[in-house]
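K.L.:
Residue strings, one per chain:
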Amino acid sequence: MEANNSSTVELRLPSRLGYEKVAMNTAASVARLMGFSEDRIEDLKTAVAEACINSMEHGHKLDESLKVEVILSITDNSLEVKVCDEGPGVQGKVPVPNLELKMSGEESPRGMGMFLIKSLVDEAEWISSGPNGSCARLVIHLHKPEEE
Amino acid sequence: MEANNSSTVELRLPSRLGYEKVAMNTAASVARLMGFSEDRIEDLKTAVAEACINSMEHGHKLDESLKVEVILSITDNSLEVKVCDEGPGVQGKVPVPNLELKMSGEESPRGMGMFLIKSLVDEAEWISSGPNGSCARLVIHLHKPEEE
Amino acid sequence: MQDKATRVKVSELPGPNGTPITVLRFSGDITSASKDAVLGTYQSLPPGAKRILLDFSNVEYLNSSGIALVIQMLMQAGKAGQSIQSFGLSPHFQKVFTMVGITNYTKLHPDEAAACAAFD
Amino acid sequence: MQDKATRVKVSELPGPNGTPITVLRFSGDITSASKDAVLGTYQSLPPGAKRILLDFSNVEYLNSSGIALVIQMLMQAGKAGQSIQSFGLSPHFQKVFTMVGITNYTKLHPDEAAACAAFD
Ligand SMILES: Nc1ncnc2c1ncn2[C@@H]1O[C@H](COP(=O)(O)OP(=O)(O)O)[C@@H](O)[C@H]1O
Ligand SMILES: Nc1ncnc2c1ncn2[C@@H]1O[C@H](COP(=O)(O)OP(=O)(O)O)[C@@H](O)[C@H]1O
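Residue numbers (our numbering), protein chains in the order written: chain A, 1 to 148; chain B, 1 to 148; chain C, 1 to 120; chain D, 1 to 120.
Which stretches of chain A does chain D cover? Using the computed rule of at least three CB atoms under 8 Å from a CB of chain D, they are:
#1 37 to 44
#2 47 to 61
#3 112 to 118
List of simulated lysine-lysine pairs, DSSO-like, C-alpha gap at most 30 Å:
#4 D:Lys-95 <-> A:Lys-93
#5 B:Lys-93 <-> C:Lys-35
#6 A:Lys-118 <-> D:Lys-35
#7 C:Lys-9 <-> C:Lys-95
#8 C:Lys-107 <-> C:Lys-4
No lab work stands behind these hints, which were simulated from the structure alone. This structure is a prediction, so every number in the text was calculated from the model and none was measured. Every residue gets a Cβ at the ideal spot worked out from N, C-alpha and C, and that includes glycine.
Just chain A, with the same shape it has in the complex (with noise of 0.2 Å):
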């Protein structure tokens, strides 16, 4: 577990599809606290039900006793999450997901996960086998950054 900062919720679910919608949910309820738009906060909820997804999926193939751990630190102009699991997490390069070559049958049509959850945050990076295990770190400022 995270260290005890009062600024700090944190939400440990069992690695089963449908569970994301909690972490989404109460994910929203602190951006809601925040004063986050409504628009940033279904911005927010997509992205931290892909990475929970993922890391129940790919971290711990859906092993329903393996829990996946979302830390939510709160700060005056920004919250960051994190999806953690234990399992390896993201290995190499992901490619960007091409529309076209799914269409055609060339690509997998999934694989947009990744390519959702940073189009849709402010900053995401993917940290593997770190302090908390392979995490998912997903951050949104609450008034943007000048240069976006």
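Based on these hints, arrange chains B, C and D with the ligands on the given structure of chain A.
P.N.:
For chains B, C and D with the ligands alone, coordinates are given in the frame of chain A:
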């Protein structure tokens, strides 16, 4: 932390008023996944919020560095929610609120949280200084028992 | 960041038989942080306000500390001989208000028209 | 308990210029558990169905595995020379479909009337 049971969802929150809403919404999501009706979910939300506020106010004296722990245990027929803090727990018998005495000023206008919890859920008990700390333990049944 | 702050709008409606109705329209949350919004607003009403209408239809979250503030307002209104009608609570909070016994001190009406018609 | 099962209702509408429109109205969740509801339903349509309308207005939750099923349906429809129009996605999921590039294969319309009018 609770045993790694696959049908357990755990949440840890800072003792800051307002954060009970996160617990409320996490519990609501789990109850919704289980198929509870929206009016039972409203009952659960109020009960969970009141238990969290009590842990923050009475158990932790609003010390934000202390975490309230919410443990949701899912079975086929019921959802158990334990709301736990590091305080000494409820001491002695808590009087049933009497609105007439409150209206005449003979009783504090507060003191309705535990009454509401007991009224809204199917089972409620308070455990002082147990293995998870001091907990309010609430249960709602998917199909209300016959005798109710 | 703690809570969606309680907002309250005060207005006046013509009463069905002459005496005007003072309306308090609450929105946001009603919690322990709402003392000023609930009791402060109530206490700043002109002393002539004899009919008070509480509109809860835009309240998003209400907890037992918030209900305690409503009880204190009802207590002070009772002492001042004011009549209070309410509307706009969700079915869940109508049940909660009834459990606590508040319905002995203010009626919970299905809508604003019914609440206004109940002043006598 | 895993998901709110996907439900799909198939019906037929008269098309603007004769050719009927086959409507698939989805509700509940569209996820990896929705293969039968999405692809199964699509594959069971009569071979004559040339205009297909997708109604997403009652979908509560959609994830990337669900979107992958929609892509597979669009791929098969493209091969079969069928035309597909869609409506009822929330602004958020309109954005997500656009990010992924699905809007190159089906137009997302603001409502049913606009979607029907788009078949040519
Ligand atoms: N938590 C994780 N642990 C291990 N591998 C992962 C994890 N998340 C993603 N991956 C890898 O990255 C790939 C791409 O993930 P994603 O874009 O979400 O698509 P999909 O899950 O549909 O394959 C996965 O197929 C998997 O190999
Ligand atoms: N988690 C707790 N730890 C210690 N004492 C508690 C706890 N929960 C409730 N209590 C005690 O029970 C009393 C009644 O609680 P409650 O009915 O919720 O009303 P209120 O919180 O408004 O006083 C509290 O005043 C407190 O003394």
